[in-house]
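Each chain is listed here by its residues.
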Amino acid sequence: MSKARTSHLRSASVHLALGAYTLIALFPVFLTIVNSFKNRNAIFRAPLQLPGPESFSLIGYQTVLKQGDFIGYFSNSLTVTCVSIFFVLLFGAMAAFALSEYRFKGNTLMGLYLSLGIMIPIRLGTVAILQGMVATGLVNTLTALILVYTAQGLPLAVFILSEFMRTVSDDLKNAGRIDGLSEYAIFFRLVLPLVRPAMATVAVFTMIPIWNDLWFPLILAPAEATKTVTLGSQVFIGQFVTDWNAVLSALSLAIFPVLVLYMIFSRQLIRGITSGAVK
Amino acid sequence: MGSLRLRNIRKAFGAHEVLKGIDLDVKDGEFVIFVGPSGCGKSTLLRVIAGLEDATSGSIDIDGQEVATVPPAKRGIAMVFQSYALYPHLTVKDNMGLGLKQAGADKADIEKRVAKASAMLSLDPYLARRPAELSGGQRQRVAIGRAIVREPKLFLFDEPLSNLDAALRVQTRLEIAKLHRELKATMIYVTHDQVEAMTLADKIVVLSAGAIEQVGSPMELYNRPANLFVAGFIGSPGMNFIEAERLGDPGAKTLGIRPEHITLSREAGEWQGKVVHVEHLGADTIVYMETEKAGLLTVRLFGEHPFHPDDVVYASPDRSLMHRFDADGKAIR
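Read top to bottom, the protein sequences are chains V and S.
Sequence positions in the first sequence follow the working numbering and run 12 to 290.
Sequence positions in the second sequence follow the working numbering and run 1071 to 1403.
Please note that the accuracy of each hint is not assured.
According to the in silico footprint, chain V covers these stretches of chain S (three or more CB under 8 Å from chain V) [as the list claims (entries may be wrong)]:
(1) 1144-1153
(2) 1159-1173
Facing chain S, from chain V, some residues (calculated, C-beta under 7 Å) [as the list claims (entries may be wrong)]:
(3) 64
(4) 65
(5) 177
(6) 180
(7) 183
(8) 185
(9) 189
(10) 190
(11) 191
(12) 204
Using C-beta positions, here's what the derived DEER-type ranges look like [what the hints assert, rightly or not]:
(13) 114/V to 1185/S: 57 to 63 Å
(14) 93/V to 1129/S: 49 to 55 Å
(15) 178/V to 1335/S: 57 to 63 Å
(16) 102/V to 1189/S: 42 to 48 Å
(17) 102/V to 1124/S: 27 to 33 Å
(18) 1084/S to 278/V: 55 to 61 Å
(19) 102/V to 1251/S: 49 to 55 Å
(20) 80/V to 1176/S: 52 to 58 Å
(21) 1084/S to 90/V: 43 to 49 Å
(22) 1251/S to 278/V: 46 to 52 Å
(23) 1164/S to 138/V: 52 to 58 Å
(24) 278/V to 1164/S: 22 to 28 Å
(25) 29/V to 1199/S: 50 to 56 Å
(26) 26/V to 1189/S: 52 to 58 Å
For the record, the hints were derived by calculation from the structure and aren't laboratory data.
A virtual CB, placed ideally from N, CA and C, is assigned to each residue, including glycine.
Just need the whole structure built from these sequences, with the hints factored in.
Written out as structure tokens, the structure is:
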């Protein structure tokens, strides 16, 4: 950035604001992780203190790993999240391509209809969804969750991706048509690589609510075999007694997979490969 | 191989008619240029020929074969785009070979044809690079190479030079002219730049508002424009138009005289006037003058002339090179 346009005062205040926000955002995470390594007394007596030689304890992690099938919960969460993201990106991108590329009657209306879900929470339809799942025998399967999450993620995906796809050069697509690429080849081989940053954005926005969701796993798939991490951690929270060591440890563990996924996608966010395609 | 016949091509986007019945014949080996102001429908016409847009009505024959229902890849055409439109993830070589690969040509054949095209355009050192590693001129050469490799019946160029800087534009123009001589292929070229049109074309098609104004060789259009629009569009600086009444010519509505067909003198001449502005270009001097009789005139003189604003000068048109137009703007011959 040029020196002429930034004063030290301004850049300091910007950094201060950002720093403060980072602190506020990270504080609960920090608290969770720190306390997951302490014994029960230390958690309550001095919640802000770092674990010392007296208060250090892995009892929470031991409980988590012993009680319940946490590896199973993790793999359930991962499966549901990854498969849902895959379908959201695939179907969202296809719908977005059709909306942005082809002129047909009701194009705008269809676009609005597909984006409507951004404004209407899918949970309003929980009863109907549950009835549907019961009728189709999908209750207590991961398929039920994947279907619901795919539906939940699609509106935002269609909205963001169709905007991005409008920016892909028409000439490039036409060059592909003249070279004999099918519409599918144009979509998968020319357009998708160019909107990869947008796809990563959508993936991140889709992933986090799915990973953190408690509602649908609780309602649609509460069986032991299909429990997700968030639901699995709930066993430690009772009406009268809560095993805080275990809850904090479970939550700390749950942060990492989502962090890894985020890092994979955020790298794509930065990379732009459009340069050189058109002017 | 490579003739084109358009009959009554119409194209409408909703209620807005972009092409209003285009008839055109292009012979094998001809270099035809569509020229016109922006929004005249020349690019749309090219897209219709390529099959990227469907015509609302009318017939397109390539080599005597109706192609209205044939997809672009099977029409035997190749197209070069203004924005190059290279595939960003493929190397120069793969960019050029993709069309053949899709058509199912065998590897040795692709290899041979890519090598031939790259030799023609001196692209050999860049074959392994990706488009991002090339300069604008090189990218456009790759785009042209991609067209050559397909050995099409018809080359279509959509303003291929407008993204290049002035020097490269001249160089690439020469290259395209050379290519046309070597390949003897039929080429259709869209541009809004009349210099490109005049220098490259065998035949120019002047379009305005979705209709053809005139078709002819560059010199025909320059010497015998069919109407006011063509007269004003071809030639730079543009033709001077004078109301015939002011000059006492009852048979016509408008008179036209090109800036290069007027001579200036400080002593005597037909129209007295005052210099408003002078542009010195070295080879030419362009004088803008306000005359009492003929209004504002542009005069193009060859060589350097020391005129200054507010000088009083006399302009004399070459009467034999004057153009006369009737009330509808049609040329009177």
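Okay, the hints, checked on the actual structure:
1. With 7 residues having a Cβ less than 8 Å from any Cβ of chain V, the stretch 1144-1153 of chain S passes the three-residue criterion, so the hint holds.
2. Counting residues of the stretch 1159-1173 of chain S whose beta-carbon sits less than 8 Å from any beta-carbon of chain V gives 5, enough to reach three: the coverage restraint holds.
3. With a least beta-carbon distance of about 56 Å to chain S, the hint placing residue 64/V at the interface is violated under the 7 Å criterion.
4. The restraint placing residue 65/V at the interface with chain S is violated, with a minimum CB-CB distance near 59 Å, outside the 7 Å limit.
5. For the restraint placing residue 177/V at the interface with chain S, the shortest Cβ-Cβ distance is roughly 15 Å, beyond the 7 Å limit, so the hint is violated.
6. This hint holds: residue 180/V has a C-beta 6 Å from the nearest C-beta of chain S, less than the 7 Å allowed.
7. Here the hint on residue 183/V is kept, as its CB sits about 5 Å from the closest CB of chain S, short of 7 Å.
8. About 5 Å separates the beta-carbon of residue 185/V from the nearest beta-carbon of chain S, less than 7 Å, and the hint is met.
9. With its C-beta approaching chain S no nearer than about 5 Å, residue 189/V sits inside the 7 Å limit, and its interface hint holds.
10. The closest approach between the C-beta of residue 190/V and any C-beta of chain S is roughly 4 Å, which is under the 7 Å cut-off, so the hint is satisfied.
11. With a cut of 7 Å, the hint placing residue 191/V at the interface with chain S holds, because the nearest CB-to-CB distance is about 3 Å.
12. Taken as an interface hint, residue 204/V checks out: its beta carbon lies about 6 Å from the nearest beta carbon of chain S, inside 7 Å.
13. Under the hint 57 to 63 Å, the C-beta atoms of residue 114/V and residue 1185/S, about 41 Å apart, miss the expected range.
14. One distance hint, 49 to 55 Å for the beta-carbon pair residue 93/V and residue 1129/S, holds here, with the actual separation near 53 Å.
15. The hinted range of 57 to 63 Å is satisfied by residue 178/V and residue 1335/S, whose Cβ atoms lie roughly 58 Å apart.
16. A C-beta distance of roughly 46 Å is found between residue 102/V and residue 1189/S, which places it inside the suggested range of 42 to 48 Å.
17. The hinted range of 27 to 33 Å is satisfied by residue 102/V and residue 1124/S, whose Cβ atoms lie roughly 28 Å apart.
18. Residue 1084/S and residue 278/V have their C-beta atoms about 44 Å apart, which leaves the hinted 55 to 61 Å range violated.
19. The hinted range of 49 to 55 Å is satisfied by residue 102/V and residue 1251/S, whose Cβ atoms lie roughly 52 Å apart.
20. Against the hinted window of 52 to 58 Å, the Cβ-Cβ separation of residue 80/V and residue 1176/S comes to about 56 Å, which satisfies the hint.
21. Under the hint 43 to 49 Å, the C-beta atoms of residue 1084/S and residue 90/V, about 48 Å apart, fit the expected range.
22. Residue 1251/S and residue 278/V have their C-beta atoms about 51 Å apart, which keeps the hinted 46 to 52 Å range intact.
23. Checked against the hint of 52 to 58 Å, the pair residue 1164/S and residue 138/V passes, with Cβ atoms roughly 54 Å apart.
24. A C-beta distance of roughly 26 Å is found between residue 278/V and residue 1164/S, which places it inside the suggested range of 22 to 28 Å.
25. The supplied range of 50 to 56 Å is broken by residue 29/V and residue 1199/S, whose beta-carbon atoms lie about 40 Å from each other.
26. Between residue 26/V and residue 1189/S, the C-beta spacing of about 57 Å keeps the proposed range 52 to 58 Å intact.
The structure fails hints 3, 4, 5, 13, 18 and 25 (numbered hints given earlier, in ascending order).
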